[in-house]
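Student: Residues per chain are reported as follows:
Protein chains: 2
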Amino acid sequence: MDYKEIEGGVTAAKGFLAAGVHCGIKKKKKDLSLVYSENVCTAAAVFTSNVVKGAPIIVSKEHLKNNIAQAIIVNSGIANTCESDGVEKASMMTGFVADALKINEDDVLVASTGVIGQPLNLEPVKEHMKEIVSSLSKEGHTDAVSGIMTTDTVPKEMAVEVDICGTKVTIGGMCKGSGMIEPNMCTMLSFITTDVAISKDLLKEAVKSSADASYNRISIDGDTSTNDSYFILANGKAGNKTITEKDDSYYTFLDVLNYVNVTLAKKMAKDGEGATKLLQCDVTGADSEENALILAKSVIKSSLVKTAMFGCDANWGRIMCALGYAGVNFDPDIVDISFIGKCGEIVVCEKGKSIAFDEKKAYEILDEDEVIINVNMNNGENSASAWGCDLSYDYVKINGEYRS
Amino acid sequence: MDYKEIEGGVTAAKGFLAAGVHCGIKKKKKDLSLVYSENVCTAAAVFTSNVVKGAPIIVSKEHLKNNIAQAIIVNSGIANTCESDGVEKASMMTGFVADALKINEDDVLVASTGVIGQPLNLEPVKEHMKEIVSSLSKEGHTDAVSGIMTTDTVPKEMAVEVDICGTKVTIGGMCKGSGMIEPNMCTMLSFITTDVAISKDLLKEAVKSSADASYNRISIDGDTSTNDSYFILANGKAGNKTITEKDDSYYTFLDVLNYVNVTLAKKMAKDGEGATKLLQCDVTGADSEENALILAKSVIKSSLVKTAMFGCDANWGRIMCALGYAGVNFDPDIVDISFIGKCGEIVVCEKGKSIAFDEKKAYEILDEDEVIINVNMNNGENSASAWGCDLSYDYVKINGEYRS
Chain Y
0 MDYKEIEGGV TAAKGFLAAG VHCGIKKKKK DLSLVYSENV CTAAAVFTSN
50 VVKGAPIIVS KEHLKNNIAQ AIIVNSGIAN TCESDGVEKA SMMTGFVADA
100 LKINEDDVLV ASTGVIGQPL NLEPVKEHMK EIVSSLSKEG HTDAVSGIMT
150 TDTVPKEMAV EVDICGTKVT IGGMCKGSGM IEPNMCTMLS FITTDVAISK
200 DLLKEAVKSS ADASYNRISI DGDTSTNDSY FILANGKAGN KTITEKDDSY
250 YTFLDVLNYV NVTLAKKMAK DGEGATKLLQ CDVTGADSEE NALILAKSVI
300 KSSLVKTAMF GCDANWGRIM CALGYAGVNF DPDIVDISFI GKCGEIVVCE
350 KGKSIAFDEK KAYEILDEDE VIINVNMNNG ENSASAWGCD LSYDYVKING
400 EYRS
Chain C
0 MDYKEIEGGV TAAKGFLAAG VHCGIKKKKK DLSLVYSENV CTAAAVFTSN
50 VVKGAPIIVS KEHLKNNIAQ AIIVNSGIAN TCESDGVEKA SMMTGFVADA
100 LKINEDDVLV ASTGVIGQPL NLEPVKEHMK EIVSSLSKEG HTDAVSGIMT
150 TDTVPKEMAV EVDICGTKVT IGGMCKGSGM IEPNMCTMLS FITTDVAISK
200 DLLKEAVKSS ADASYNRISI DGDTSTNDSY FILANGKAGN KTITEKDDSY
250 YTFLDVLNYV NVTLAKKMAK DGEGATKLLQ CDVTGADSEE NALILAKSVI
300 KSSLVKTAMF GCDANWGRIM CALGYAGVNF DPDIVDISFI GKCGEIVVCE
350 KGKSIAFDEK KAYEILDEDE VIINVNMNNG ENSASAWGCD LSYDYVKING
400 EYRS
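Chains Y and C, in that order, are what the protein sequence lines are. Positions 0 to 403 (numbering that gives the first Met the number 0) are the ones given, in order, by the first sequence. Positions 0 to 403 (numbering that gives the first Met the number 0) are the ones given, in order, by the second sequence.
Since the hints were made in silico from the structure, they are not lab data. Check each hint, because a few of them may be wrong.
SDA-like mimics (lysine to any residue), calculated; alpha carbons at most 20 Å apart, straight line [what the hints assert, rightly or not]: (1) 60/C / 118/Y; (2) 350/Y / 84/C; (3) 101/Y / 145/Y; (4) 352/C / 118/Y; (5) 60/C / 330/Y; (6) 396/Y / 211/C; (7) 350/Y / 275/C.
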């Protein structure tokens, strides 16, 4: 796969512009973002599996019925969820954008993130519509990614260029975390833009498949949010021959899309609330890929594993314990466990039993900002990875006083 | 039900003695406990559902095949799990006790709790066998409950006297928590003794039923331990007509057994690692009891609900969110949520939507050491409760440096 990372995030692809402003939902920080394509796009999305769904999801789902969209409006600070007039408000937000951009209201998608159960004040959104539309630009990706952040400490965006059958295609995106994050879509918003030309059906399939390979493999705190949304807009401006079947072009596109989404997902995991490090659990040698993923997720989700990693404590018994309650049957007596960091690998458990290891070296590895927990089930050829973060004092601090 | 709480814990019932000593597995604190009945007992148990099982469980299961036991030996500090000679060691522990007490090795049960994957040194256990046997006494229940504690901050024991068909029957017990606690048996050891006379089959049924009503409804951190064990010994010394069918006597016994176990379970939840308060989630108005329990457990397990409760923040949106991802279908638009404490009740959500409430009063309720999260699904007549605790800085502190 011949691709290279480039700057530009959500506006890296041809024909996309973005902007982000402070409208007043939050006290000081940017809280309103807009992504816009110069022409209408083929569009697809994946939403939260939570029974309680944010009002913006109901509106965006309706607007996506024809798989066409041209703009995305996003506010942060208030989730617009569990409010009696939430759907009307989400719908009005798309109306403001349609009026200001002179596009179909039906082609505007909407997302919100923030506190559940508090009313969203639409006045500031309405008042700042002219400003945000007039500031749409190629450079606007940095403001746009700021406008969708809540407890995120760093903006998360990326873009990649790839050659598809001789044509340069660009995929870019931005996302936000960083609490209520759990496989099956997180409190997570992710917006991907691309200039690829692709059929509606294949874009829908690609968005689902890439969500399963990325966002559905991270967990911050086990809480599946009410507002998770992952949108993709493809405007076809790259000029490639439209992808209409599962040929090499499709799989090249899917590979790069997965790469973009996995990279963004890892950025989210690393910036999980209070996180001091990114955890990756690689489960290899499993009897099926499905079981490998279940086991990897169970380790990544364990509060006891997460606190041990925060304390740089090579307490591998907790990893074995988390494997054991994952709901998958296996023989503990053939499992190997090691920790991998930039400074090397240290084996801490062989055939399900403790072995002597250098605690100092283990500490050094676990003290890095990216740690791989490597589990070999020694029972097959299948593997899967999941991502998460450690559990620190700051997670408690952030979430003990979130509303205040 | 005519019962009263009495002192005496695990030795309250006729014919039971206990002792606890410091043998040297832990640095200073008591780490070895023995419970003994003067005659052989009908016995039953429930063990962890974790695929990775502590060695003591394998030995105790074997010894329980005939449903007869006379003594329980327990060490804390080391879990005797994931060690190559763990089963031999667990077996040797039962042998030491059998020799010292001159009873069948087969009638001794064994349990361990502590760090996984570190070797259990049997020398101190062996050396202190004479001491612990010679200190068996009615008063020994307080030492015995100390000897099974790990990160527990308070000993947990209780006993109840009840009249069964004109005969006074006593049920007592002790347990320990307080991390790796999650429905489907926790890092939890619970030892119940009773002088009731009951058939093997009914005791087995009662132990399973009472575990489901108590220990399987608490969650501290979502981690199901490898070593969970709940033993019950019934020595028949009360002199009641042996319970052999599901008559009034059986149900009286089961009710009191449930009461004892629920009380011990709540003590564990309240003393969860780093906990500052007991949380109880009552789900009422559900379409089935099963769904009510699933919903209550989901709320109790949510890290975001737990941190909000730690911060005394009436952030009910997180409760709605946790209900939504529980895996049960429901209509969010008819759900009511309130918080209940000793100082009153405050409704914070009606028909799925926020209502104005007195934040100061909400804070006062949430600042108590026992808080009920009351959820009415308004969709039926079924209800269930689950128990847990808040998530505090101290949970992270305790678990970030557990082995050191």
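Student: Now tell me, hint by hint, if it's right for this structure.
Tutor: Results for each hint:
no.	hint	verdict
1	60/C / 118/Y	violated, 56 Å
2	350/Y / 84/C	holds, 13 Å
3	101/Y / 145/Y	violated, 25 Å
4	352/C / 118/Y	holds, 10 Å
5	60/C / 330/Y	holds, 19 Å
6	396/Y / 211/C	violated, 34 Å
7	350/Y / 275/C	violated, 39 Å
The structure does not agree with the numbered hints 1, 3, 6 and 7 stated previously, though it agrees with the rest.
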